[in-house]
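Enquirer: Residues per chain are reported as follows:
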Amino acid sequence: MAAEICREEAAKSMPAAAAGATAIARRRRRVEGFRFAAGSLEPPQEDADAGVARCGKRQRVAGARAGAGAATAGPCRPSAGAGFGSRWWPRYGVTSVFGRRREMEDAVSIRPDFLRGSTSSGKHHFFGVFDGHGCSHVARMCQDRMHELVVDAYKKAVSGKEAAAAAPAWKDVMEKGFARMDDEATIWAKSRTGGEPACRCELQTPARCDHVGSTAVVAVVGPNRVVVANSGDSRAVLCRAGVPVPLSVDHKPDRPDELERIKAAGGRVIYWDGARVLGVLAMSRAIGDGYLKPYVTSEPEVTVTERADDDECLILASDGLWDVVTNEMACEVVRACFRSNGPPSPPGCSRPKAVLPPPAGASGGGGGDAVVKGVDKAESDKACADAALLLAKLAIARRSADNVSVVIVDLRRPVP
Amino acid sequence: MPPPSPHPPHRNGNHVPAPSGESFAKFFECWISEQSRDLAALRSAASAATNPAAPPDDAELRRLVDRVLGHYEHYYRTKSAAASTDVLRMFSPSWTSTTENLYLWCGGWRPTAALHLLYSKSGAQLETQLPVFLAGGGLGTGDLGDLSAEQLQAADQLQRITISKEREIENAAASAQESLATVKMVELAGGGGVDAEGMEMEMRSKADGMRRVLEMADGLRLETMREVVALLRPSQAVHFLIAAAELHLAVHEFGRRKDGDGAASPPPA
Chain A
1 MAAEICREEA AKSMPAAAAG ATAIARRRRR VEGFRFAAGS LEPPQEDADA
51 GVARCGKRQR VAGARAGAGA ATAGPCRPSA GAGFGSRWWP RYGVTSVFGR
101 RREMEDAVSI RPDFLRGSTS SGKHHFFGVF DGHGCSHVAR MCQDRMHELV
151 VDAYKKAVSG KEAAAAAPAW KDVMEKGFAR MDDEATIWAK SRTGGEPACR
201 CELQTPARCD HVGSTAVVAV VGPNRVVVAN SGDSRAVLCR AGVPVPLSVD
251 HKPDRPDELE RIKAAGGRVI YWDGARVLGV LAMSRAIGDG YLKPYVTSEP
301 EVTVTERADD DECLILASDG LWDVVTNEMA CEVVRACFRS NGPPSPPGCS
351 RPKAVLPPPA GASGGGGGDA VVKGVDKAES DKACADAALL LAKLAIARRS
401 ADNVSVVIVD LRRPVP
Chain B
1 MPPPSPHPPH RNGNHVPAPS GESFAKFFEC WISEQSRDLA ALRSAASAAT
51 NPAAPPDDAE LRRLVDRVLG HYEHYYRTKS AAASTDVLRM FSPSWTSTTE
101 NLYLWCGGWR PTAALHLLYS KSGAQLETQL PVFLAGGGLG TGDLGDLSAE
151 QLQAADQLQR ITISKEREIE NAAASAQESL ATVKMVELAG GGGVDAEGME
201 MEMRSKADGM RRVLEMADGL RLETMREVVA LLRPSQAVHF LIAAAELHLA
251 VHEFGRRKDG DGAASPPPA
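Residue numbers (the numbering used here), protein chains in the order written: chain A, 1 to 416; chain B, 1 to 269.
Extracted from the complex, chain B is given alone in its bound form:
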């Protein structure tokens, strides 16, 4: 169940406002509604794919998949621009719920989660098909249930690489955070923090370290998304992107309700 879209559907996805530290929250709202529209389009493509009379054409699905990926890319471009003016807000986002913040890894979702999502969606679809296969039927339904050996191998390899890149970024984050306690900081703090200018300079350079961590992490998030899609056929990629959007939107909505944001739309009595 997608969250209700606050805006009427736009055909053009690039209507989002220009970024700045303060307006990122607004951008995020727009992006969420854009994601809801993407989800609707992906779902209708997926259900069209089950119609034997008019099988969808791969090129058309590919265009849809590319457009959705383009929206993710747009999101990270905007986020990066916003981070360059205000990195602090990016690590304490006001636009996400406390529930979502529980799952933040270096300022966003954990990249390997994309692979777990692939495995979970693929597993669910496989389980649906299995009885038919065991009864003598086929497996080729075009969704994630029939991941090929090459695809599983590619996913496994991607997982291995992504885990090691996550570790690199975690190490970078460790260095950036440990750098809080430098000799210079000890001196400044010992002076009661009265050297405001010195404090400002030191803290800015430290925040800049975290901005680079965020950049690496966002880069890996987008790259992982792209790589997962790249190892899938267009019809499978549609299912993966549906799962990604559903999970994001469902957790976002759940978190907002938990936080009391959804007071305007209480559950039906």
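Only chain A is shown next, with the shape it has when bound in the complex:
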């Protein structure tokens, strides 16, 4: 009986979700015909210069592989001007705040050039937003480990092949990375029996470490394409020619295909303050949440989008933003910030203004607790930082009840 009610309820909300999915499919078809052809890899000498400049100026980013050689020369650069990959550092901005909540369960990870030494096809930058639930420890593990696991999966995928001149199977790479991440979260939860509590959630009785999980939306921005893997209800949106193109579809339990998957696995979606898997979790996929497996799975949905000339930016954010700000509004805000900041700044200058937690040790939090990891605050780009800030403020203004994390990546071609 309950199942019938559930189904009916879910059916009511079907059209919106389905429409969203087809919109994406439509978009993606268009994208495919619009492939940007420039090989566009950074010239080695520029890379080397940049490397020298950076070493003295900033602390090395965590996760950067010391000693790994610069990417070797790629195909010739088209004479048309600088390609997407010509700059040596991604232009990004990030804001991550408590907002109106008393716990901070969001975590952000930004790992520039994270495939250094593993690929010859230009620089790839990793951006991840993780929104924890139950506790923050799974989100923090994702923040510390996800990029490393994706690198491992990438290396395995390209090993034996001709150093990945051809595009690797990104879908497979991301799926393996997410699966390994989920394994690590599960193993950690199982290992937590007895002993000193390592986490806030263990102070509760009975300790419920496997009742904790995190969304994960990960974007790998390469010279020619943007790969997005998503599990949960955080979201990646590409702003192209002023129009938002969602690169992920939220995993809500009442999404028709998700509802089917959950039911096929023997689970149920119960309406209790919104659609929830077994009446508990308001999303249908996540890293962790061992107690809701297999109904809640960590398997990501992956999109691979060729970059286009009229790409403007990529927005990654937790539902603290998306609950109160539409994709359209988000794009509009970023464009306005870009407009008021002028053309993209050349590499190496103008990097103030990201909202980041204080430096390690400033308030007893230490580097281990940093809300954003992988980059130094001073490295962000002003236009992107302005946009991330404004979107976060807008989310708070619109009474978002949640933590708010926003990452903006500038995808415009730099002015030659």
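Honestly, the hints are just simulated from the structure, not real lab data.
This structure is a prediction, so every number in the text was calculated from the model and none was measured.
Please note that the accuracy of each hint is not assured.
What the simulated footprint calls covered on chain A by chain B, stretch by stretch (three residues with Cβ under 8 Å from a Cβ of chain B suffice, anywhere in the stretch; the number is not a length) [said to hold, decoys possible]:
| no. | segment |
| --- | --- |
| 1 | 97-110 |
| 2 | 221-233 |
| 3 | 391-400 |
Which chain B residues stay away from chain A? Per the calculated CB distances, all over 12 Å, these [unchecked claim]:
| no. | residue |
| --- | --- |
| 4 | Ser44 |
| 5 | Thr99 |
| 6 | Glu100 |
| 7 | Gly145 |
Ideal Cβ placement from N, Cα and C applies to all residues, glycine included.
Chain A is already provided as a structure; the job is to place chain B on it using the hints.
Expert: Showing chain B alone in chain A's frame:
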């Protein structure tokens, strides 16, 4: 809409009577009318700030902000002195309405509410400016709508610290309240409470625990207020203090009317 001030405006804010447990209610009335006067001054400074012909000078705004903060400090000094003679009354205030008492946290307003107030006022002002910005205009209007990245970061950090301090105080309150059921109290209660002197001593020491909780909580309230103001520019601080005074006075007036206190001034027929 500020509540009508029962007294003509004074220029000097330090006219309030000396504290004692009984007179705190009187002090509170005076303080409320002082807050109404502060609100009027803050509002006129804020509206002067929108006049391009005579932009207000930051030092002048800073003086106004400091004076208003000084009045908050005076309030807590007086409250602390009153609590040292009569802590019981401080936790069951007769000068606040039942509506206000609904929101009491350790004998006053919850410190993190100051940050929520900042976010709400800032959000409202941002929403007003947003259409202009999206249409190609600027954002810099000097109010809370254009909180900078550094300011939001500072507010976020302050919120994190304030939440953890609230938790410490809640733990202290838990200890103080749990200490009611000590062995000594069980003995005294078992004797039917006839050992009046013993009861008096025990209860006094327990009330003293709660006085310390109140002291910590009031300290955090004032500190949070100061810290929020410190992260703002003077012109923004004016807007924050306006929001704080408006909220306090509006809830106070609403609560008094609810409690029937406002029978003397019924709503217009």
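Enquirer: List in ascending order the numbers of the hints, as given earlier, that are violated by the structure.
Expert: Per hint list: 2 and 7 violated.
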